[in-house]
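Undergrad: Listed here are the chains, written in short residue letters.
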Amino acid sequence: MNEEVLHEQPLVVHETSHASHEHHKQSFITKYIFSEDHKMISHQFLITGIIWAIIGGFFSVIFRLQLGFPDQTFPFLEDIFGRWAPGGRLDTEFYYALVTMHGTIMVFFVLTAGLSGTFSNYLIPLQIGARDMASPFLNMLSYWFFFAASVVMFSSLFLETGPASGGWTIYPPLSALGGAMSGSKGGMDFWLTSMILFVVSTLLGGLNYITTVLNMRTKGMYMTRLPLTIWAFLFTAILGVLTFPVLLSAIVLLLFDRHLGTSFFLSDIFLQSGKILPNEGGSPILFQHLFWFLGHPEVYIIALPAMGITSEVISTNSRKPIFGYMAMVGSFFAIASLSFMVWAHHMFVTGMNPFLGSFFVLFTLLIAVPSAIKVFNWLTTLWRGNIHFTPAMLFAIGFVSLFISGGLTGIWLGNSTLDLHLHDTYFVIAHFHLVMGVASMFGMLSGVYHWYPKMFGRFMNNTLAYLHFWISFVGAYLIFWPMHYEGLAGMPRRYYDFSNWESFKMFGGLNEFISIIAILVFAAQFLFIFNFFYSMYKGRKVTERNKNPWGANTLEWTTPIHPPHGNWVSEIPEVHRWPYDYGKDGIDFIPQTEPIGVAESKH
Amino acid sequence: MVVFQIAKASEYVSVLKGEEKSRKQNNKINGFLMLVFLILGLIGVWWCNHILYPRSGLMVGAASSEGKSIDKMMWITIIITGIVFFITQILLFWFSFRYQESSKRKAYYYTHSNKLEIIWTVVPAITLTVLVVVGLKYWFKFTAPAPKNAQLIEITGHQFAWEIRYPGKDGILGRKNYKLTDPAKDNPLGVDWSDEASHDDIHVTTTMHVVVNRPVKLVINSQDVIHDVGLPQFRLKMDAVPGTPTTMWFTPIYTTEQMIKKTGDPDFVYEISCDQLCGIGHFTMRGVIVVETQSEFNAWISKQTPEYLKAKQFIASATPPADSTKNLALGNSAIHK
Numbered sequence: 001m002n003e004e005v006l007h008e009q010p011l012v013v014h015e016t017s018h019a020s021h022e023h024h025k026q027s028f029i030t031k032y033i034f035s036e037d038h039k040m041i042s043h044q045f046l047i048t049g050i051i052w053a054i055i056g057g058f059f060s061v062i063f064r065l066q067l068g069f070p071d072q073t074f075p076f077l078e079d080i081f082g083r084w085a086p087g088g089r090l091d092t093e094f095y096y097a098l099v100t101m102h103g104t105i106m107v108f109f110v111l112t113a114g115l116s117g118t119f120s121n122y123l124i125p126l127q128i129g130a131r132d133m134a135s136p137f138l139n140m141l142s143y144w145f146f147f148a149a150s151v152v153m154f155s156s157l158f159l160e161t162g163p164a165s166g167g168w169t170i171y172p173p174l175s176a177l178g179g180a181m182s183g184s185k186g187g188m189d190f191w192l193t194s195m196i197l198f199v200v201s202t203l204l205g206g207l208n209y210i211t212t213v214l215n216m217r218t219k220g221m222y223m224t225r226l227p228l229t230i231w232a233f234l235f236t237a238i239l240g241v242l243t244f245p246v247l248l249s250a251i252v253l254l255l256f257d258r259h260l261g262t263s264f265f266l267s268d269i270f271l272q273s274g275k276i277l278p279n280e281g282g283s284p285i286l287f288q289h290l291f292w293f294l295g296h297p298e299v300y301i302i303a304l305p306a307m308g309i310t311s312e313v314i315s316t317n318s319r320k321p322i323f324g325y326m327a328m329v330g331s332f333f334a335i336a337s338l339s340f341m342v343w344a345h346h347m348f349v350t351g352m353n354p355f356l357g358s359f360f361v362l363f364t365l366l367i368a369v370p371s372a373i374k375v376f377n378w379l380t381t382l383w384r385g386n387i388h389f390t391p392a393m394l395f396a397i398g399f400v401s402l403f404i405s406g407g408l409t410g411i412w413l414g415n416s417t418l419d420l421h422l423h424d425t426y427f428v429i430a431h432f433h434l435v436m437g438v439a440s441m442f443g444m445l446s447g448v449y450h451w452y453p454k455m456f457g458r459f460m461n462n463t464l465a466y467l468h469f470w471i472s473f474v475g476a477y478l479i480f481w482p483m484h485y486e487g488l489a490g491m492p493r494r495y496y497d498f499s500n501w502e503s504f505k506m507f508g509g510l511n512e513f514i515s516i517i518a519i520l521v522f523a524a525q526f527l528f529i530f531n532f533f534y535s536m537y538k539g540r541k542v543t544e545r546n547k548n549p550w551g552a553n554t555l556e557w558t559t560p561i562h563p564p565h566g567n568w569v570s571e572i573p574e575v576h577r578w579p580y581d582y583g584k585d586g587i588d589f590i591p592q593t594e595p596i597g598v599a600e601s602k603h
Numbered sequence: 001m002v003v004f005q006i007a008k009a010s011e012y013v014s015v016l017k018g019e020e021k022s023r024k025q026n027n028k029i030n031g032f033l034m035l036v037f038l039i040l041g042l043i044g045v046w047w048c049n050h051i052l053y054p055r056s057g058l059m060v061g062a063a064s065s066e067g068k069s070i071d072k073m074m075w076i077t078i079i080i081t082g083i084v085f086f087i088t089q090i091l092l093f094w095f096s097f098r099y100q101e102s103s104k105r106k107a108y109y110y111t112h113s114n115k116l117e118i119i120w121t122v123v124p125a126i127t128l129t130v131l132v133v134v135g136l137k138y139w140f141k142f143t144a145p146a147p148k149n150a151q152l153i154e155i156t157g158h159q160f161a162w163e164i165r166y167p168g169k170d171g172i173l174g175r176k177n178y179k180l181t182d183p184a185k186d187n188p189l190g191v192d193w194s195d196e197a198s199h200d201d202i203h204v205t206t207t208m209h210v211v212v213n214r215p216v217k218l219v220i221n222s223q224d225v226i227h228d229v230g231l232p233q234f235r236l237k238m239d240a241v242p243g244t245p246t247t248m249w250f251t252p253i254y255t256t257e258q259m260i261k262k263t264g265d266p267d268f269v270y271e272i273s274c275d276q277l278c279g280i281g282h283f284t285m286r287g288v289i290v291v292e293t294q295s296e297f298n299a300w301i302s303k304q305t306p307e308y309l310k311a312k313q314f315i316a317s318a319t320p321p322a323d324s325t326k327n328l329a330l331g332n333s334a335i336h337k
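Sequences listed follow chains A and B, in order.
1 is the number of the first residue of the first sequence in the numbering used here; add one for each residue after it.
1 is the number of the first residue of the second sequence in the numbering used here; add one for each residue after it.
By construction, these hints were calculated from the structure, which means they are not laboratory data.
This structure is a prediction, so every number in the text was calculated from the model and none was measured.
Even for Gly, the Cβ is constructed at its ideal location relative to N, Cα and C.
Don't take every hint at face value.
Claimed, not checked - In silico SDA-like links for lysine to any residue, alpha-carbon gap of 25 Å or less:
1) B:Lys303 with B:Gln313
2) B:Lys21 with A:His388
3) B:Lys21 with A:Gly457
As the list claims (entries may be wrong) - Per label pair, the in silico range of CB-to-CB distance:
4) B:Lys115 with A:Ser337: 18 to 28 Å
5) B:Ile39 with A:Ile519: 48 to 58 Å
6) B:Thr207 with A:Gly88: 27 to 37 Å
Chain A with its partners taken away, still in its complex shape:
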């Protein structure tokens, strides 16, 4: 994490020159490290998220090497990982550790903290017209709990018995018994501790976001005038606050089973070492219920912010209002509420009561309705627009495409009968990577490209951004589209090697192809990472003339180029209209601060 501090330091150079006009002078520590300014906290979340994304992405490239080239050795692996890759071939234990860490890092640290932590923090006060969060101090704690969680998770990589390796879903008994897998020894305790800290971070953040949106809107900013980003962040925060505590309970019970001899999740176990465990009467399925009660809403915690950002970016760059604002809000609400009633669709094949399962089929497929509304509304927003292909817009269009492709296969998997065949196969991998992995990553990148000039007062390089988009977009499809076919053949997830399987070995060549593309796409991400850090110091400066570069209506663009702590130098502006008056009465855009004109038409 040292890198982060390093990267933040030089910000001093241009930040101090625009130091806040009204606030007291701050020391380096209060301004850049233990900052209570929501903008600085969002930068901290973003940069930590980017560092985690590099680590998580790197892990996937390493295990893709094994999957693509199972009979080859790569001596450089031994140089990096030492005894975890003897002779240049990944140790099976370490392969599963990489798979587990890739999932954990991407789901929680990148797409939850990195996405919602960054943009909820950055945009909520700026877009609703508030000087900061309701509780800046708790907000700061939220980041530092996340940081502590990161440190614990990162240190688990260096344990002698290795980090957690039972999959990111850590199903007991595998995760409860050190005797069942080496990663379930110390690594799992680190994982659980890290996640406890993470849950605390999410709760502190979430409560702050909700309070701020509900109580601190500027004059005239009715709920129905909120940008869709804010609606998305609000629902995301509510989901997080209601479901993360359930994960915490699962974690605590698992810790009890591990260390205090309880039997919440354990029963009738005989280990191959010859050990007969005394635990009786527990249910491993109970853990899955608790886990997925968070786990499924978690998917929407990841997807909703990306949808909000996409809505905002598509509307702004089509120079057209978002189509069906109220339907968009309504579908956010529908998705958020339904997401509490679908968790057991991850458990159709656990032997659960089939009658109970049928309700989960119904609710799961119902969730496709608000999702369809969203897609059609985005399409209609593009229709007869005047589209500016900024890098942010490209990623937003990419999001919609990936969301459709990945969302439609959700209709397959949510139908329990098809899940009997497709459960835990590559079809599932293809589905969730498209719909929530890559799509949300695109939403996040869209947000970074869109708000970068506001965040850092400089522009990113467009050519690099375009290259980054097209390589990532084409690459994402090349990687995940063919995986559907592997899944149709029943090829299981989380296998180290398929070459001994008569039913799956015909996909060897395809696995090699996917691995090569994955490496290229990972390499292409450095176009972004370089662009991001380079532009922070050397990018073209935002000037007064183009300080609202995309011609957007929302409030954040009315702040100074480098908004001080407190965001607006004088009064907070008053809001007179919704944020989507693009192209109204032939006027390109009318900011929210503009009073309604006498002759203005109604919408």
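Dock chain B against the given chain A, drawing on the hints supplied.
TA: Just chain B, lined up with the frame of chain A:
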């Protein structure tokens, strides 16, 4: 580095050329690429299907009568989601290309249309209802109790292999108690030998023999962590959960011999894949199912020796299982039915 230099240079060029002009040029390029992506993407979808469809297992078709229904339902779902996929993706990229920025046109201020929104709420809702109804019809059928004539077989997973037990002539699987498990005493499954129903039970590892066209009812157990009995050719799977026996039944309709002819693959075997991460040997946890005719099966099973006869030598020295069977009797009541 090279890419970066070019990118940087293009930024300088754009500043020199006039930002607005180069922005519009970039816009045209990206708008055009949207169209290119759409066309190449559609070709790619066709090409990918052309190459991979024969390997997907859909072409050969399922090897169980339940799997046939699942395949049928998969086709219905492919068609419905496929139509939506092509319509929405084509519109997305076509609109992006068609409505790219142009000084000749102004964006159309269009905020909502109740009619349109009702259409795309109701149509998906009806379509999904159809899918739910079809899906649940099969779901309840496959999860209902197995047919009366089903052959009962127990399959138990442990790190990292499958153990298979046949109930013998009496058709009843003997009671088990995990605390009695002791591979050294020829009792790797923890069978309670005091239950006489266990005395004719036959235990084999890895390879399961079943009879073609006769339903098979699997009682699924796990000794340590969660495993999953995955049957890709039969299109079914079910978890093996320690402490909670689960069941699954299916009707194989082709013998292994017939499948070898059907697939044209001389090495074809029905495999049992573990589909739930169970430890470092997860990917090696392979079982085999031999589907054969009744007479072939009879010949095979008559050659097997009940495990009890092997374990007998140890039984005298074993302490009789006391009250620890109480819980188990409850847990295994399904098996006795």
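Undergrad: Compare the structure with each hint and give your call.
TA: Status of each hint after checking the structure:
As the CA atoms of Lys303 of chain B and Gln313 of chain B are separated by approximately 21 Å, the hinted pair is consistent with the 25 Å bound. A hinted pair counts as satisfied when its Cα atoms are at most 25 Å apart, and Lys21 of chain B with His388 of chain A qualifies at roughly 13 Å. In summary, the hint linking Lys21 of chain B to Gly457 of chain A is supported, as the alpha carbons are separated by about 23 Å, within the 25 Å threshold. Distance hint for Lys115 of chain B and Ser337 of chain A: a CB-CB separation of about 26 Å, consistent with the stated range 18 to 28 Å.
Checked against the hint of 48 to 58 Å, the C-beta distance between Ile39 of chain B and Ile519 of chain A comes to roughly 27 Å, which is inconsistent with it. At roughly 35 Å, the beta-carbon separation of Thr207 of chain B and Gly88 of chain A lies within the given 27 to 37 Å, and the hint holds.
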